[in-house]
Amino acid sequence: MSGLFTEVFLSALLFGAITAAVPLLLAGLGEQISEKAGVLNIGIEGMMIAGAYVGFLGAYLSGSLWLGFLTGGLTGCAVAAVMVLLCVRLGLNQIVIGIGLTLGCEGLTALAHHFQFSRTYPRLDAADVTLIPGLSAIPILGPGLFKHHLIVYLAGALVIVMSLIYRHTQLGLNLQAAGDKPAALDVAGVDVIRTRTIAVLAAGGLAGTGGAYLANIGAGLFVPFITNGAGFLGIVLAMLARGRPIWVLAGAVLFGVCLSLTTAMQVAGLNVPTDIINMLPFASVMLMLVLFGRRASLPAALGLPYQRGAR
Amino acid sequence: MAGIIVLEDVSKRFPGVAANDHVDLSIRPGEVHVLLGENGAGKSTLIDMLSGVQQPDGGRILIDGKATLIASPKQALALGIGTVFQHSMLVPTLTVAENLLLGAPWWQRPRKAELKARLAAISQGLGIKIDSEARAADLSLGEQQQVEILRALLRKSRVLILDESTSMLTPKGIEELGALMRKLADQGLAVIFITHKLKEAVAFGDRITVLKLGRKVGEITSDALRSRSEQAIIAEIVEMMFGRRSSDPDSLRRAARSLPMGTPLLEVRGIALPVGSGHHGLKSISFEVRPGEILGIAGIDGNGQKQLAEVLAGQRKAAGGSIRLGGIELTSLSQGERRALGLRYLTDDRLGEGTVGAFPVATNFFLKIIGSEPLWKHGIEQRGLIETRAAALVQQYDVRTPSVHTPVGRLSGGNIQKLIIARELADGARVVIFNKPTHGLDLANTLATRDRIRSIAEQGLAVVLISTDLEELLALAGRIAVMSGGAITGIVDNGEAAYNTIGRLMIGLAA
Amino acid sequence: MILERIGLTLGPIAVALVIAGIILIAAGVDPLAYYAYVVQRGLFSWIGLQQTLTRMAPLLFVAAGLIIAFRAGMWNLGTDGQFLLGAVTAAAAAPFLVELIPVWLAVLASMVLATLVAAAWSLLPALLRAYQGVNEIITTLMMTFLGTSFANVLVKLVFLDPATTVPQTRTLSVENRLPRLFGTTITSGLLFGLVAVVIVHLIMTRTAFGLKLRVTGANPRAALHAGLSVPSLTLAVFALSAGLAGLAGAIDILGVYGNVRADWNPAYGMAVIPVVFLARMNGYAAIAFVFLFSVLSIGGESAARRLGVPQDFTLVFVAVTLIVLALAEYIAQRLTAAREA
Chain A
1 MSGLFTEVFL SALLFGAITA AVPLLLAGLG EQISEKAGVL NIGIEGMMIA GAYVGFLGAY
61 LSGSLWLGFL TGGLTGCAVA AVMVLLCVRL GLNQIVIGIG LTLGCEGLTA LAHHFQFSRT
121 YPRLDAADVT LIPGLSAIPI LGPGLFKHHL IVYLAGALVI VMSLIYRHTQ LGLNLQAAGD
181 KPAALDVAGV DVIRTRTIAV LAAGGLAGTG GAYLANIGAG LFVPFITNGA GFLGIVLAML
241 ARGRPIWVLA GAVLFGVCLS LTTAMQVAGL NVPTDIINML PFASVMLMLV LFGRRASLPA
301 ALGLPYQRGA R
Chain B
312 MAGIIVLEDV SKRFPGVAAN DHVDLSIRPG EVHVLLGENG AGKSTLIDML SGVQQPDGGR
372 ILIDGKATLI ASPKQALALG IGTVFQHSML VPTLTVAENL LLGAPWWQRP RKAELKARLA
432 AISQGLGIKI DSEARAADLS LGEQQQVEIL RALLRKSRVL ILDESTSMLT PKGIEELGAL
492 MRKLADQGLA VIFITHKLKE AVAFGDRITV LKLGRKVGEI TSDALRSRSE QAIIAEIVEM
552 MFGRRSSDPD SLRRAARSLP MGTPLLEVRG IALPVGSGHH GLKSISFEVR PGEILGIAGI
612 DGNGQKQLAE VLAGQRKAAG GSIRLGGIEL TSLSQGERRA LGLRYLTDDR LGEGTVGAFP
672 VATNFFLKII GSEPLWKHGI EQRGLIETRA AALVQQYDVR TPSVHTPVGR LSGGNIQKLI
732 IARELADGAR VVIFNKPTHG LDLANTLATR DRIRSIAEQG LAVVLISTDL EELLALAGRI
792 AVMSGGAITG IVDNGEAAYN TIGRLMIGLA A
Chain C
823 MILERIGLTL GPIAVALVIA GIILIAAGVD PLAYYAYVVQ RGLFSWIGLQ QTLTRMAPLL
883 FVAAGLIIAF RAGMWNLGTD GQFLLGAVTA AAAAPFLVEL IPVWLAVLAS MVLATLVAAA
943 WSLLPALLRA YQGVNEIITT LMMTFLGTSF ANVLVKLVFL DPATTVPQTR TLSVENRLPR
1003 LFGTTITSGL LFGLVAVVIV HLIMTRTAFG LKLRVTGANP RAALHAGLSV PSLTLAVFAL
1063 SAGLAGLAGA IDILGVYGNV RADWNPAYGM AVIPVVFLAR MNGYAAIAFV FLFSVLSIGG
1123 ESAARRLGVP QDFTLVFVAV TLIVLALAEY IAQRLTAARE A
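Protein chains in written order, with this note's numbering: chain A, 1 to 311; chain B, 312 to 822; chain C, 823 to 1163.
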């Protein structure tokens, strides 16, 4: 047990937890925007993996991680645009289309990867880290929390930004109204379809960026099905967070710690089965649902297409 | 004086629903213009077109003398047309201030301070007091309505449309709203006030337009309103609204004056229901209905009528009280058991809960007896028998449908109602509860439905008839119970004085 | 009416074949050659056809379970977890039971156990949905992640076969597995699967119970108005749906694999969901689509080895078909509405 509580171990654990949490955080924040506006975005897993592949491609070809995030985010937006067209504009079933998009993106990225990289399996170099002056020198916490790529801090800042948007901007009010009572938003003179379009595109962009992070920094390479349910976890986080970005962050870190714990324990040579640790976050969330299920509230118009004047 | 808004020959059609049929209208500043008409007269559709929710199929709308297409709610607002809809259009999870701020450019910070200053200035002049930090869901319906009026004023509306605004209000609230409309009109606004209540129309209006089945059937000018007595005006409006009565003896025939004797078939004692989301609850409801009797239940919509019907049918569990049918206590019985004893309930929400729109006519006939013999044998559907029975019911009740396989959602409202009537009257009905049976039907189907109700009472069934249409109740019921705020405020024998008495009871005044 | 339905199904498949073909061209593969190879391997070669029919067995059970859930308006997205737990249960029980009781009884008992375990696994989402109104999409997804890990825990820690180095359960010997059909390699699970789908289809379309479920799915408020006990129907739907997914796992283990290896997850559930959508939740159509999907899977697996096109292409094709079909239905509805107006 001596190896368990060493500084190196703990800071590695923290570092891994943050690395694992960032994609979940981005996907969860994205899904939260979409759900707030009333669109249940089951396609987020597909947007994420599309972002992971193209983001990796962008970073690999250009040599710039930032271009990777940009291309990943844009790809997520592009998949989201299909969702917008089919579900927001035409009002098709959000669950059917979401599952279709997820499967399609999983298949397409696996195909594309096969034809481009199946022989080479290229890796990206380890990401440059940005040290936060002062804080990074703190033992344990410093190397764990403050020695990450710049985008990690940006993702953290996004939590605050989203909270501010929800609470202190007209956009935030519009999003909430679009999910809770779209007809009221419409008669107030705001286009419900456009509001939901923005929300779903934003969700796609964030999920795509999260996917790019997962491939470029989390793994350093793309493998088919790399997201492995991370997008679905984002859905779960968004549904549990009840509209509060800070709870998405809390949930993402909880999952991140559990994911990181498995690798960290193996590194430490401990023989605790990874699968038991993998179960922890899900088990705790189910427990929370059993205890607080009645109070979990979702937007009233979630999953329902909006059509003006429909009777 | 020329109108701000002029409707010329405006028409709007929906499949199977009475909408607007060549309507002309002129809305002037400084006037409270009442649009009066029964349910289904086309008032709401007219409002939808003025507020940009729907667009007319024919005719045109002139604004300041120019033909204008009001393509969206946003455009209506920009044109200075503010609407307070019948159902609250506030986002329940947002505060009053946030609701009022909806509609500003999306990138802005909500300008709460500026809003509060403007709000204070406007509401002070009108004597309205609202906490702008309260959540909309926590406001009373009257307060929500005031917020929506404030919203229209904040948007500098020149035209304020109020759709059935008094249906959810207390008598005091109605009075206050009347005073508020007067003030607004005096400030130069054009106010359009939609109602189906005669007295309100006469009390608050400077001009009254009467709509019936989508058509404008008359207009009473401000001169006429000033110069003539209230009674004379009401008589004239009644003539306009129910003019067909003279040519249609059926709707005139009043219920038999001698009330049926004999032991009550349905006895309701002290039914109570706690206040729930969206309803007042029920407070110690008691009444009885004899065989052959039609007991009317009057009241403003949303005063507990639907909850009462659901409690009687077993769809909702009462907190206390007893319901007896022919002496048998029903409170512990399920919906199916009550149905088997002969208690039937026809919901007012025919497509929302009465039928499954995507399912065929045949299935919908037997929705409430799924699994029972002989249509199902040991749980297995006897398709041939079901279709034969359905075909017989289609014939017997004159349901106009291409076939028994047609999805119910494709039928007109009147035919869906016939299907529901057939379903509920079949196999030993003894007590039948109708909830707003003619709501949204056209005249022919309305009259047919009323005939049906009358004839089943004549066959000796006990009928509970819930309706918001007082004329309907006066035409059919022997006695009329009046509900207000979840309680029965009085039970009145149908007769000469009934109209006025019921009107007073409906708004919570003592008879 | 029926012709229109068939046209509305085959049309989108044809369109999807073209779109997927364009993707193949973009990847530098001749789509005609690829399609021909897939059909040849999955359908027209005897070995391939036997594999295709064997693959159908678990897929049919999963499809049967999904038809019940979706028709009742409940989104059971957790069939993968339920499948795996059923598989592990059967893999643990069968080798143990064959030593105690007659083989046929042991196999049967394993199937029943697998069904019960999977049904129990769905109890929590079912209770939460029935009595608390908690969205079942989130809970079934959570339970599927949880179940996947739990199945691995069981394989690696509880039911580990000490005799092998690879972490896996004890193996049910070939002679004790479900019989193969008429001297072929096709598992008799296929017959059970076909029977399961047909029975489910008949229950859903011909019985009072099925009608009650369909009413609940099509209009929950009408179900309440008609006096149906929606909470108990909800519990029944989840138990049946999950139970059939668990049975699918048992059939795959008892008929084909004989054991569960650690980290084995064929993810049939996620693949069958779109198949059931494509079939519009009709049992007979589901059989046809499961067959088509199996041909594509088996043919695709061969093509992966021979032509170098990964079998993930099957996923792309299914997804494209699903989206094109949803669009086609939308357009058909619009046309009908325009005709009536």
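Because the hints were derived from the structure by calculation, they are not lab data.
Any given hint might turn out to be false.
[Said to hold, decoys possible] Below, in silico cross-link-like pairs of lysine to aspartate or glutamate (EDC-like), each with a Cα-Cα straight-line distance of 16 Å or less:
(1) K617(B) to E541(B)
(2) K510(B) to E486(B)
(3) K508(B) to E454(B)
(4) K978(C) to D191(A)
(5) K385(B) to D191(A)
(6) K423(B) to D442(B)
[Said to hold, decoys possible] Here are a few chain B residues that sit away from chain A, every Cβ distance over 10 Å (derived from the structure):
(7) M400
(8) Q419
(9) A490
(10) D517
(11) S540
(12) M572
(13) P602
(14) R700
(15) R711
(16) R815
The C-beta atom is built at its ideal place from N, Cα and C for all residues, glycine as well.
Hint by hint, here is what the structure shows:
As the CA atoms of K617(B) and E541(B) are separated by approximately 34 Å, the hinted pair breaks the 16 Å bound. Restraint check: the Cα-Cα separation between K510(B) and E486(B) comes to about 12 Å, which is no more than 16 Å; the hinted pair holds. The suggested pairing of K508(B) with E454(B) is violated, with an alpha-carbon distance near 21 Å, which exceeds 16 Å. The suggested pairing of K978(C) with D191(A) is violated, with an alpha-carbon distance near 55 Å, which exceeds 16 Å.
The straight-line distance between the Cα atoms of K385(B) and D191(A) is roughly 8 Å, inside the 16 Å bound, and the hint therefore holds. Taking the CA atoms of K423(B) and D442(B), the gap is near 13 Å; set against the 16 Å cutoff, the hint holds. At roughly 4 Å from the closest C-beta of chain A, the C-beta of M400(B) falls inside 10 Å, breaking its exclusion from the interface. With a least CB separation of 5 Å from chain A, Q419(B) falls inside the 10 Å interface cut-off, contrary to its annotation.
Once the 10 Å rule is applied to beta carbons, A490(B) is consistent with being away from chain A; the minimum gap is 25 Å. Once the 10 Å rule is applied to beta carbons, D517(B) is consistent with being away from chain A; the minimum gap is 26 Å. The beta carbon of S540(B) sits about 39 Å from the closest Cβ of chain A, which is more than 10 Å, so the claim that it is off the interface holds. With a least beta-carbon separation of about 45 Å from chain A, M572(B) lies farther than 10 Å from that chain, consistent with its non-interface assignment.
Every Cβ of chain A is farther than 10 Å from the Cβ of P602(B); the closest lies at roughly 39 Å, confirming the non-interface assignment. Every CB of chain A is more than 10 Å from the CB of R700(B) (nearest about 32 Å), matching its label as outside the interface. With a minimum CB-CB distance of about 21 Å to chain A, R711(B) clears the 10 Å threshold, and the non-interface call stands. Annotated as non-interface, R815(B) keeps its C-beta farther than 10 Å from every C-beta of chain A; the closest such distance is 34 Å.
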